[in-house]
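Here are the chains, one letter per residue:
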Amino acid sequence: AAGVIQSPRHLIKEKRETATLKCYPIPRHDTVYWYQQGPGQDPQFLISFYEKMQSDKGSIPDRFSAQQFSDYHSELNMSSLELGDSALYFCASSFGQEPFTLHFGNGTRLTVT
Amino acid sequence: AQSVAQPEDQVNVAEGNPLTVKCTYSVSGNPYLFWYVQYPNRGLQFLLKYITGDNLVKGSYGFEAEFNKSQTSFHLKKPSALVSDSALYFCAALMDTGRRALTFGSGTRLQVQP
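Those sequence lines, one after another, are chains A and B.
With the working numbering applied, the first sequence corresponds to residues 16 to 128, in that order.
With the working numbering applied, the second sequence corresponds to residues 48 to 161, in that order.
Chain B extracted, bound-state conformation:
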């Protein structure tokens, strides 16, 4: 069964510092991987996705993620964190089959301190 793991419940980083939010996956076949961000009492907002192609994917708000097949990872990164980046981040995966339902990780709360 496919699964997505986010090993950190919370990540704390100072404003202006680089940030990394970790995600590992376990899917058979070619993985389709996603990052979503959730602000309080709001729906999930799409940040970026990896379907195929370059391992480094650039997304919204200056975020990027690196697909690493050998380590089965898809870590979210940003060179310089903003206080407004503080939110809940979800990694998600989709198998390259007919199933269209995303499997989400447990979420990582990012706290950026001024």
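Extracted from the complex, chain A is given alone in its bound form:
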């Protein structure tokens, strides 16, 4: 079965650089979520989109932005990167008729040096 695809799997950036993370949800899933998981921490909700509109906002820094495109894929844009942004970034998707079952991708590991 198709799963949530995230790219890239690993990304190394320097401080003050920008990064773009991509997420391709499971086909027919209409909602995308972004989570950040720091080392040894639980996932923290950043932002979500339903039918290409922002549906909820969590602890996403102002330096970050995200959007969901017409094909339902989503991108998380991160600017002015800081060392503290080093984390695993997960995308998850869900389907309207089963809205509470999130399917997670394998994540993008971002390392800021």
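None of these hints come from the bench; they were simulated from the model.
Certain hints may be false.
As the list claims (entries may be wrong) - Keeping only pairs whose Cα atoms sit at most 30 Å apart, straight-line, the calculated DSSO-like set for lysine-lysine is: (1) A:K67 to B:K96; (2) A:K72 to B:K69; (3) A:K72 to A:K37; (4) B:K96 to A:K37; (5) B:K96 to B:K116; (6) B:K105 to A:K30; (7) B:K124 to B:K96; (8) A:K72 to B:K116; (9) B:K69 to B:K124; (10) B:K116 to B:K105; (11) A:K72 to A:K30; (12) B:K69 to B:K96.
Add chain B to chain A, keeping to what the hints say.
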């Protein structure tokens, strides 16, 4: 504010023994509760959820969880642990409002010894 607590950082159990991973919650309204499992360098995999109905919920890989409203708990259980069950387990909660974002507990590392 809603919160999820997993009081144990790590649970150790011998293979073949029953296992329990504890979770308590604090949400207003009707809680929607979930268990996810995470293997190293992987995303979270859905195990089971409680939305409504029977308090005992059966999920993937032989896991089950019991919703206890009076104790505000949603403990994960399995009658007979496998070494391959060793992983990081997260309990999560969602309020029955328009917000769709899960709140996760801090995670419990399950170590099953052969």
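Legend entry - Pairwise hint evaluation, K69 of chain B against K72 of chain A, where the allowed Cα distance is 30 Å at most: holds, 29 Å
Inset, instruction - Sort out whether K37 of chain A lies within 30 Å of K72 of chain A, counting only the CA atoms. - result: holds, 18 Å
Inset, instruction - Mind checking the alpha carbons of K72 of chain A and K116 of chain B for me, to see if they're no more than 30 Å apart? - result: It holds: about 29 Å lies between the C-alpha atoms, which stays within 30 Å.
Inset, instruction - Decide if the proposed pair is consistent with the structure: K105 of chain B and K30 of chain A, CA atoms, cutoff 30 Å inclusive. - result: violated, 46 Å
Inset, instruction - Mind checking the alpha carbons of K72 of chain A and K30 of chain A for me, to see if they're no more than 30 Å apart? - result: Holds: K72 of chain A and K30 of chain A sit about 25 Å apart, inside 30 Å.
Inset, instruction - Mind checking the alpha carbons of K69 of chain B and K96 of chain B for me, to see if they're no more than 30 Å apart? - result: Holds. K69 of chain B to K96 of chain B sits at ~15 Å (cutoff 30 Å).
Legend entry - Restraint check for K116 of chain B with K105 of chain B, where alpha carbons must lie at most 30 Å apart: holds, 17 Å
Legend entry - Holds or violated: K67 of chain A to K96 of chain B, with C-alpha atoms at most 30 Å apart: This hinted pair holds, its Cα atoms lying about 26 Å apart.
Legend entry - Pair hint K124 of chain B and K96 of chain B, alpha-carbon separation not exceeding 30 Å: Holds, at about 13 Å.
Legend entry - Restraint status (C-alpha distance of K96 of chain B to K37 of chain A at most 30 Å): holds, 28 Å
Legend entry - Pairwise hint evaluation, K116 of chain B against K96 of chain B, where the allowed Cα distance is 30 Å at most: Holds, at roughly 15 Å.
Legend entry - K69 of chain B paired with K124 of chain B [C-alpha distance capped at 30 Å]: holds, 9 Å
Checked against the numbered hints above, the structure breaks only hint 6 and satisfies the rest.
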